[in-house]
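Undergrad: Residue numbers (my numbering), protein chains in the order written: chain A, 1 to 356; chain B, 1 to 496.
If you're looking for bench data, these hints aren't it; they were derived computationally from the structure.
Cβ atoms here follow ideal geometry from the backbone N, Cα and C, with glycine treated the same way.
Heads up, some of the hints might be wrong.
Covered stretches of chain A (chain B as the covering partner; in silico rule of three or more C-beta atoms under 8 angstroms from a C-beta of chain B) [as the list claims (entries may be wrong)]: (1) 207-219; (2) 231-238.
Keeping only pairs whose Cα atoms sit at most 25 angstroms apart, straight-line, the calculated DSS-like set for lysine-lysine is [what the hints assert, rightly or not]: (3) A/Lys6 <-> B/Lys174; (4) A/Lys346 <-> B/Lys66; (5) B/Lys142 <-> B/Lys195; (6) B/Lys184 <-> B/Lys174; (7) B/Lys105 <-> A/Lys3; (8) B/Lys156 <-> B/Lys174; (9) B/Lys247 <-> B/Lys216; (10) B/Lys181 <-> B/Lys156; (11) A/Lys346 <-> B/Lys184; (12) A/Lys239 <-> B/Lys55; (13) A/Lys219 <-> A/Lys239; (14) B/Lys415 <-> B/Lys247; (15) A/Lys239 <-> B/Lys415; (16) B/Lys247 <-> B/Lys55; (17) B/Lys132 <-> A/Lys219; (18) A/Lys3 <-> B/Lys181; (19) A/Lys6 <-> B/Lys48; (20) A/Lys3 <-> B/Lys55.
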Amino acid sequence: MFKLQKKETIDQSSLYTVPLIAIGCSLIFVFILFLLIGKNPVLAIFIIFVEPLLSIFGLSELIVKATPLIIIALGLSIGFRAGVWNIGAEGQFTIGALFGGAAILVFYPTSGIWILPLSFFIAIIGGILWGMIPAFFKARFNTNEILVSLMLTYVATLFLSGMVYGPLKNPDGFNFPESRLFHDSGTLPIIFPGTRAHIGFLMALLLAGLMYYLLKRHKFGFHVKVSGESLRALVFSGKSTNYMVYLSFIISGAFAGLAGVIEVSGPVGQLVPAIPVGYGFTAIIVAFLGRLNPLGICFAGLLLALTYIGGEAAQIKLGLPNAITGVFQGVLLFSLLAAEAFTNYKVTLKKMRRNF
Amino acid sequence: MQNILEIDGISKSFSDIQANNDISLYLRQGQIHALLGENGAGKSTLVKIIYGIIKPDHGSMILNGKLYDPNTPEVARNEGIGMVFQHFSLFESLSVIDNIILGQKGNQKKDSILERLDDLQKDYDLQIDVNKIVATLSAGEKQKVEIIRCMLQDPKIMILDEPTSVLNPSEVEKLFNFLRKLSKQGMAVLYISHKLHEIKELCDTSTILRNGNVIKSCDTADVTINELAQLMVGRAIDNKIKLSEPKQERVLDIKNISYTNPDIFGTSLKEIKFNVNFGEIFGIGGISGNGQTELMKVLSGEVGLNDGNQILYNNEDISSLDINERRQREIVFVPEDRSGHSAVSSLSLSENLLLTNLWDHNFFSNGVINTNYVDEKTSEVIEKFNVQCNASGSLASSLSGGNLQKFVVGREIIKMPKLVVCEQPTWGVDVGSASLIHNYLIEISNSGSTILIISQDMDELRSICHRIAIISNGVISKPYDAKRITPEDIAIEMAK
C-alpha cells in the first residue's frame, strides 16, 4: 500500500517549479489526447497556445479574457491564504454585473463621466452583499462556506435571467431576453482602437500591485498570513475568527463584483443571461496556479485566458469541441494539486501485513 | 543479576544532527533504570530505536543473549518489550475493556482477557472499572489502562516515557509502588524522566544523556540530586535571585468568575476567586485539563464572560475589554502553546514579535508595518534574553523549544509590564533555559511587576511564587503560602 508522509523540509524553489511542472504535465496530457482523437498534436497545441499570441487581435482578446480572471483571483487569494473557501465568486461576479449594469441602464441615455464610477460602486456593493450571505451563515451558524457560496451562484444566475427577461428587457428589443446596449457613458474606454481591449486590464494590474504591497507591508497582510497559519494565534493577536471570514468575503465579493461590472461595461456592452461563463470558477485555478501571489496571479490569468481563446480557435480551425478548454483547465488544476502534493509529501511503499 | 538488554554503540543522526552517538547501556533483570536528560538529549531517539520505530545507523542490541534488531514495534512487542507513551493512544469514546481488547494481538476471547485482567488487578493493585468510557477517566486512570494493555502482553522490559507528567502526587506514589512490585518480580524497567527527585527515589541505576552522548552511568544511590542536575545540564545551574516581598496593594482582584465551556469535553470555571498583590508572584497549580486553559483565556480576553463577572485590575473592571485593550493597560499574556498560539512556527521572529504588538502605533505608520522598528525590537529581545538564533528573520520553527520560549517570554517582559499572566512558562524547555526564564520573572517582579503563573509543575511554583492556589475541576482553592504548602495539601486540593 502507498502512504503519504509529510516532508520535513520543503524546497523553496517549489514556488516556481510546481506551476511549471503542472503546466508541463497538462501539455503532455493534451498531446496524448489529440493523438488519440486523430488530430495532429503539434499543430493543435500550436493553434491553441501559440497562434493567439501572434496577432494583435489575439493579444487584445487575451487581455479582455484575462481581466476578469485576474481581478476575481486576486480577491479569492485573500480568502484562500486565510483559510476561507469562497467557491461562489461566479455568483458574486453575476450580481456585480447585474447591479452595475442596472445602474447604467437607469441613467440611460444621460451622459456624464460619473456614471461608470457610480455603477462600479454599486456593483462592488452588490458583490459584497452576495458574499456576506455565506459569511454570515458561517460566522453565526458555522455552516460550510464552500456549499453555501457555491449554491448561491445558481441563485444569482437565475436572478440575472429573471431580471433580463423582465424589468431590464430592452423595450425596443423584439422581446429578446437582453437589455439595451449601454450608451457611451456606460461603456469602458478602449486602450487600442479597433480592438475590445479596455482599460479594465490596467485596473487589474493596478489592483495586483496594490494587493502585493498590502500583503507584504500592511497590517492587513499580516492578519491574513496569521489567519492562514493558526486561528488561535489570530485570536491571540486580537482579531476574532469571524473577522477573517467577513473580511475575506468582503474582499473577494468586492473584487468579483468589480470584475462583473467591468465585463458588462467592457466587452459585452449590455446585460444578457449568458454573462456568467465560468470566470468565477476558472479564477480559482488562476489563484492557485499563481500560488496566491498577486504577481503570479497576473501570469496565471493570462495563461488561462489563452486556453479560452485557443479553445475557440481550435474549434474553428480543427473542428475540436469547445470542451477542450474545460478539459485543459481541469487537467491543469489536477496536475497542480498533484505536483503540490508531491512537493509537500513523499510517497513510501508500505508492506501489507497479512495478520496483526 | 543477568543482563536482559545490552545496547552496544548505538548511533543515529538526522541530517546534520547527531541524535545518538555511540550509546551503550545495560538493563538488568529486576532493575529500574533511569534514562535522564534534557529535551533534545537523545532519550526519545534511543527509546524509539529500542521499540523498533527507528533504525540505528550503527551499533547493535542483544536481548536475552540473542541479537535483537526490530523493524517494527510489533517485533519489539513480540520480543517482550512494552512501552507506555507520554501521550495516550486510547479511543476516547470506547470503554476501557474495548480499548484493552483492541490492543491485543490475534483473536483472543473476551473471557480469557477478562480473566487475566482480574489476576493482574489483584496482583498489582490496578483496580479500574472496565465498563467506563475512557473519556470520563482521569489522566491517572487513562495511564492505568495503558499500563494494563502493556502488561497483558507479558513484557520482560517495560519502558515508560515521562509517566508522571500528568499525575498528581498520590497517583505518582501509586505508580512507584507498582513499578517497585514489577521489579521485585524480575521485570526490567526503563524509566525516562528529567525529574531528578523522582529518579533519586525510584531508580536503582541511571544513565545520563547529553547532546546524544552518554555522560555517565551510575548507581543512583552514589550521586546527589545536584550532581545529577549538573551532569544533565553540563554546568552548574544558576542560583535563583531572591524574591522581594510584595506590597499590600491589590493589582488583580478576581471576583467569583464563572464560565461555561461550550465544548462538552472542556472544563467550566466555577466561582473562581483570588487576588494578586503588587509585586507578587502568584501561582495556580493543578493537573492539566482542570480549567487552566479556560482561566488563561478568560484573563486574556480571548473568550468573553457573561455580564456580572468582574475582573478588577487596579480597581477597573476589565472583563469586557478585548485582549488588545488589556495589553494597552500594560498587561501581557504568555499562553502555554508555542506552536500556533503564543507563536507561529512558520513566521519569522520579527513577525512573531508583531503578533502581540498590533495595538501599538509605534510599529505602524498608517497601517503600514514599520519593518525597521520591528527588526530593531526583535533584535533587542534576542540580545537581552540570549535567544540562540541566526537573525530576527529566522523562522520560529528553526529555534529549539527552549530558545523560542525565551523569545516568547522575552517579547512580553521586555516591555516591563505591570501584570504578567503566563501559563506553563517553562513547559518542554531545557533546564538551563527554564532557570533563565525563572530568573527573568523574579527580576521583573522585584522591580514592581505583578505576575500570575499557571503551571502544572508544582516544583516550579514552589520555587518562585509567594502564594499558590490549586485549581481542580474548574474550582480554585484558597491560597497557600508557597513556603508552607505541603505535598499533602497539594494532593488534597487536587483531588477535590
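Undergrad: Is A/Lys3 within 25 angstroms of B/Lys55, Cα to Cα?
TA: 19 angstroms, holds
Undergrad: Please work out if A/Lys6 and B/Lys48 have their alpha carbons no farther apart than 25 angstroms.
TA: 19 angstroms, holds
Undergrad: Compare the distance between the alpha carbons of A/Lys3 and B/Lys181 with 25 angstroms, and conclude whether the hinted pair is satisfied.
TA: 42 angstroms, violated
Undergrad: Would you check the hint for B/Lys105 and A/Lys3, treating anything up to 25 angstroms between C-alpha atoms as holding?
TA: 23 angstroms, holds
Undergrad: Holds or violated: B/Lys247 with B/Lys216, Cα cutoff 25 angstroms?
TA: 47 angstroms, violated
Undergrad: Check whether the Cα positions of B/Lys247 and B/Lys55 lie no farther apart than 25 angstroms.
TA: 58 angstroms, violated
Undergrad: Given the hint that B/Lys142 pairs with B/Lys195, does the C-alpha gap stay at or below 25 angstroms?
TA: 21 angstroms, holds
Undergrad: For B/Lys415 and B/Lys247, compute the direct alpha-carbon distance and say whether it is at most 25 angstroms.
TA: 21 angstroms, holds
Undergrad: Just to be careful, I want the Cα atoms of B/Lys132 and A/Lys219 compared with a cutoff of 25 angstroms; is the pair within it?
TA: It is violated: about 50 angstroms lies between the C-alpha atoms, which goes past 25 angstroms.
Undergrad: Check whether the Cα positions of A/Lys239 and B/Lys55 lie no farther apart than 25 angstroms.
TA: With Cα atoms ~45 angstroms apart, A/Lys239 and B/Lys55 exceed 25 angstroms; violated.
Undergrad: Hinted pair, alpha-carbon criterion (25 angstroms max): A/Lys346, B/Lys66. Please report holds or violated.
TA: With a Cα-Cα distance of about 35 angstroms, the restraint between A/Lys346 and B/Lys66 is violated, given a limit of 25 angstroms.
Undergrad: Does the alpha-carbon distance linking B/Lys156 and B/Lys174 stay inside the 25 angstroms limit?
TA: Within the cut-off at roughly 21 angstroms; holds.
The structure shown violates the earlier hints numbered 3, 4, 9, 11, 12, 16, 17 and 18.
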